[in-house]
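Asker: Use the sequences and the hints to build the structure in full.
In our numbering, the protein residues as written are 1 to 379.
Treat each hint with caution, since some may be false.
As a list, the in silico BS3-like pairs of lysine-lysine whose alpha-carbon atoms are at most 25 angstroms apart [as the list claims (entries may be wrong)]: (1) K266 to K367; (2) K131 to K96; (3) K220 to K35.
Think of the hints as simulated: they come from the structure by calculation, not from any bench.
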Amino acid sequence: MRPNSRHPTCLARCLLLAVLAAGLLAAPAWAARIKEIAAIEGVRSNQLTGFGLVVGLDGTGDQTTQMPYTSQGLSNYLQQLGITLPAATAASLQLKNVAAVLVTTQLPAFARPGQTLDVNVSSLGNSKSLKGGMLISTPLRGVDGEIYALAQGNLIVAGAGAAAGGSKVQINHLSAGRIPAGAQVERSVPTPLAEGDTFRLGLEASDFQTARRVAQAINKRFGDGSAQALDGRTVQVRAPMEPNARVTFIAEMEELALESSVPAAKVVINSRTGSIVLNQAVTLGPCAIAHGNLSVSISSTPVISQPSALSTGGQTVVTEKVNIQIKQEPGILIQLPGAAQLADVVRALNALGATPQDLLAILQAIKAAGALNAELEVI
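Answerer: What follows is the structure, encoded as structure tokens:
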């Protein structure tokens, strides 16, 4: 066999690798689905809240002398059961096993009567622990004052604690708990999804480019005129009127992929913690920075002047000798090259050797000089 007899096989393998490499290079960029960047207007959850009582505590309830609404709430609850307490008796109740709480939950879209919801229970008074307690029937209301759910059940408190002889050990939080499936929906909230032949998509962030791409993707899939961008956040979509056809239309529409666009360049600064976050679109132009520190030191030394031993009428005088020193470190002029990638920007800023607090002022100065191509946001 000749030495080059396998040359065709090697050539075929090389061609196969080249085709695979070309396929990888030609692979589409990461794309987000419409459901991840937009939501249908009107299809959302609603917050519910209510005032309730947790009973069955092991002496860790509210001190009713300091929390009168606990005894008042229990008196109102007993009155609903046909038990009326005199005002004086209700005010003097000592209920160490009862705690006033606030109950909160979210009513999801399309929730129907009979469905269950998880609820959060938080102590409203000075209860030491809600562990082992049970929430009695509590109506949960919306912002309109109507009752949409009823909550009741045993609390799950993820914590433990013990105290004796003035010492106390506690793990996690004992004044808040959760009741899985602790509320039952009593009334549904109507949604505008089935009203009219159109609905609107609300983008999470206002961006005209994204709104245009969403409309283009829907029109490409369902035909021209199916969607139109109204502004940088809202896209109006035409959908079938029949409920099953509309649900199918929305399900297919939400799965449509959009090529991710370059986000707006932004630098987020937390002035309280000194945290600085930059996104990948931030670029830095060439600039020069002088960074130095100025320190002022003031020291005071007491000086005591006493009269001589043979003098008469002299007094001891105490004065202070003040020494003020001003020290300024030499400012080093550092030249920062232009950086088009986030890694280059970070590397250039690290070269300054400044603390996060100093970097806040430096970034603002670079932005004012026009060398930082990004929007500064202080939170």
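Asker: Please list, smallest to largest, the hint numbers that this structure does not respect.
Answerer: none
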